[in-house]
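Student: Single-letter residue listing:
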Amino acid sequence: SQQGEEDPQALSIQEGENATMNCSYKTSINNLQWYRQNSGRGLVHLILIRSNEREKHSGRLRVTLDTSKKSSSLLITASRAADTASYFCATDAWAGGTSYGKLTFGQGTILTVHP
Amino acid sequence: DGGITQSPKYLFRKEGQNVTLSCEQNLNHDAMYWYRQDPGQGLRLIYYSQIVNDFQKGDIAEGYSVSREKKESFPLTVTSAQKNPTAFYLCATRQGYLGNTIYFGEGSWLTVV
Chain X
1 SQQGEEDPQA LSIQEGENAT MNCSYKTSIN NLQWYRQNSG RGLVHLILIR
51 SNEREKHSGR LRVTLDTSKK SSSLLITASR AADTASYFCA TDAWAGGTSY
101 GKLTFGQGTI LTVHP
Chain W
1 DGGITQSPKY LFRKEGQNVT LSCEQNLNHD AMYWYRQDPG QGLRLIYYSQ
51 IVNDFQKGDI AEGYSVSREK KESFPLTVTS AQKNPTAFYL CATRQGYLGN
101 TIYFGEGSWL TVV
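Residue numbers (the numbering used here), protein chains in the order written: chain X, 1 to 115; chain W, 1 to 113.
Heads up, a few of these hints could be off.
[Claimed, not checked] Not everything, but these chain X residues come out facing chain W in the computed CB check (under 8 Å):
1) Lys26
2) Asn30
3) Asn31
4) Gly42
5) His45
6) Leu48
7) Phe88
8) Asp92
9) Lys102
10) Leu103
11) Thr104
12) Phe105
13) Gln107
14) Gly108
[Claimed, not checked] Calculated pairs, DSS-like style, for lysine-lysine (alpha carbon to alpha carbon, straight line, at most 27 Å):
15) W/Lys70 x W/Lys57
16) W/Lys70 x W/Lys9
17) W/Lys57 x X/Lys70
18) X/Lys56 x X/Lys26
19) W/Lys9 x W/Lys71
20) X/Lys26 x W/Lys57
[Stated by the list, open to error] Residues of chain W placed beyond 12 Å of chain X at every Cβ, according to the derived structure:
21) Gln6
22) Pro8
23) Arg13
24) Asn18
25) Gln41
26) Leu45
27) Val52
28) Ser67
29) Glu69
30) Glu72
31) Ser73
32) Lys83
33) Arg94
Simulated from the structure, these hints should not be mistaken for lab results. Yeah, the Cβ is synthetic: ideal placement off N, Cα and C, and Gly gets one too.
Based on the provided sequences and hints, a complete structural model is requested.
Tutor: In structure tokens, the structure reads:
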């Protein structure tokens, strides 16, 4: 079953506007990661936030994590047409009974940025 | 992406056939993963492996099989037991355990004809 659930499923904005995507999850995590996928391609890592962190920045990206609410958000500021893609959150947790990490992905948010 | 090669990019399978998707990496990463993605959906974990000769079932392992005879290679076989195999398959790797970035290949499209 999917650990992360993203909201909204689709987001359409104009260039220059900010885009906010939310992710909720169900169980304890070690860290949460955000990925981007262009249509028909593999996923590209954007940013990782650990469970003891509350906020992290990378360029135009800002990620927050609220472990009490089991939720995270990804903010893309001053969006560009090239930001058009699907964005996924992934929770990283111990796989039961082993020392392995298991990365579980949400359904994704489709972001369209209009020029 | 980078040092992960998936092949073939497009594959057509007839009903009742087994097919094998290749995943090779030169990143020297310990862990390798196979995910399935259906159109407009997220990724679901099929199998993963942390070390050679060891692998674990993910959330949707039924109808799939894997092997990990070499660190560099993690092929996925889609068997005839998988009733709805048409999907986009993604191989990924990462170094170590929790907290490291996963790197993805470019994916393979499998269509049943």
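Student: Next step is simple, just say for each hint if it's right about the structure.
Tutor: Going through the hints against the structure:
For X/Lys26, the interface hint is violated, the least distance from its beta-carbon to any beta-carbon of chain W being 14 Å, above 8 Å. Interface hint status for X/Asn30: upheld, as the beta-carbon distance to the closest one in chain W is roughly 5 Å, under 8 Å. For X/Asn31, the interface hint holds, the least distance from its beta-carbon to any beta-carbon of chain W being 5 Å, beneath 8 Å. Proximity of X/Gly42 to chain W holds as hinted, the smallest CB-CB distance being about 4 Å (cut-off 8 Å).
A hinted interface residue such as X/His45 counts as satisfied when its beta carbon comes closer than 8 Å to some beta carbon of chain W; here the least separation is about 5 Å, so the hint holds. Contact between X/Leu48 and chain W, as hinted, is supported at the beta carbon level, the nearest pair being about 7 Å apart and thus within 8 Å. For X/Phe88, the shortest C-beta to C-beta distance to chain W is roughly 6 Å, which falls under 8 Å, so the interface hint holds. Taken as an interface hint, X/Asp92 checks out: its beta carbon lies about 6 Å from the nearest beta carbon of chain W, inside 8 Å.
Against a cut-off of 8 Å between C-beta atoms, the interface hint on X/Lys102 holds, since the closest Cβ of chain W lies about 7 Å away. For X/Leu103, the interface hint holds, since its Cβ comes within 8 Å of a Cβ in chain W; the closest pair sits about 6 Å apart. Contact between X/Thr104 and chain W, as hinted, is supported at the beta carbon level, the nearest pair being about 7 Å apart and thus within 8 Å. This hint holds: X/Phe105 has a C-beta 4 Å from the nearest C-beta of chain W, less than the 8 Å allowed.
Checking X/Gln107 against chain W: minimum C-beta separation of about 4 Å stays under 8 Å; hint holds. Because the smallest distance between the Cβ of X/Gly108 and any Cβ of chain W comes to about 5 Å, under 8 Å, the interface hint for this residue holds. With a C-alpha separation of about 18 Å, the suggested pairing of W/Lys70 with W/Lys57 holds against the 27 Å cut-off. The hinted pair formed by W/Lys70 and W/Lys9 meets the criterion: a straight-line CA distance of about 22 Å does not exceed 27 Å.
For the proposed pair W/Lys57 and X/Lys70, the alpha carbon gap of about 26 Å is at most 27 Å, so the pair holds. A distance of roughly 21 Å separates the Cα atoms of X/Lys56 and X/Lys26; the hinted pair therefore holds under the 27 Å criterion. Between W/Lys9 and W/Lys71 the alpha-carbon distance is near 22 Å, which keeps this suggested pair within the 27 Å criterion. The suggested pairing of X/Lys26 with W/Lys57 holds, with an alpha-carbon distance near 21 Å, which does not exceed 27 Å.
Not every CB of chain X is more than 12 Å from the CB of W/Gln6 (nearest about 8 Å), against its label as outside the interface. The claim that W/Pro8 is not at the interface with chain X holds, since no C-beta of that chain comes within 12 Å of its own (minimum 14 Å). Every Cβ of chain X is farther than 12 Å from the Cβ of W/Arg13; the closest lies at roughly 19 Å, confirming the non-interface assignment. No Cβ of chain X approaches the Cβ of W/Asn18 within 12 Å, the least distance being about 24 Å, so the stated non-interface status holds.
The beta carbon of W/Gln41 is not kept farther than 12 Å from every beta carbon of chain X, the shortest such distance being approximately 6 Å. Chain X draws W/Leu45 into its interface by the beta-carbon criterion, the shortest separation being 7 Å against a cut-off of 12 Å. The Cβ of W/Val52 sits about 14 Å from the closest Cβ of chain X, beyond the 12 Å cut-off, so the non-interface label holds. Taking the minimum C-beta to C-beta distance to chain X, about 18 Å, the non-interface status of W/Ser67 holds against the 12 Å cut.
With a cut of 12 Å on Cβ distances, W/Glu69 stays outside the contact zone with chain X, its closest approach being about 19 Å. Annotated as non-interface, W/Glu72 keeps its C-beta farther than 12 Å from every C-beta of chain X; the closest such distance is 18 Å. Annotated as non-interface, W/Ser73 keeps its C-beta farther than 12 Å from every C-beta of chain X; the closest such distance is 18 Å. Every CB of chain X is more than 12 Å from the CB of W/Lys83 (nearest about 19 Å), matching its label as outside the interface.
With a least CB separation of 8 Å from chain X, W/Arg94 falls inside the 12 Å interface cut-off, contrary to its annotation.
Of the numbered hints given earlier, the model fails hints 1, 21, 25, 26, 33; all others are met.
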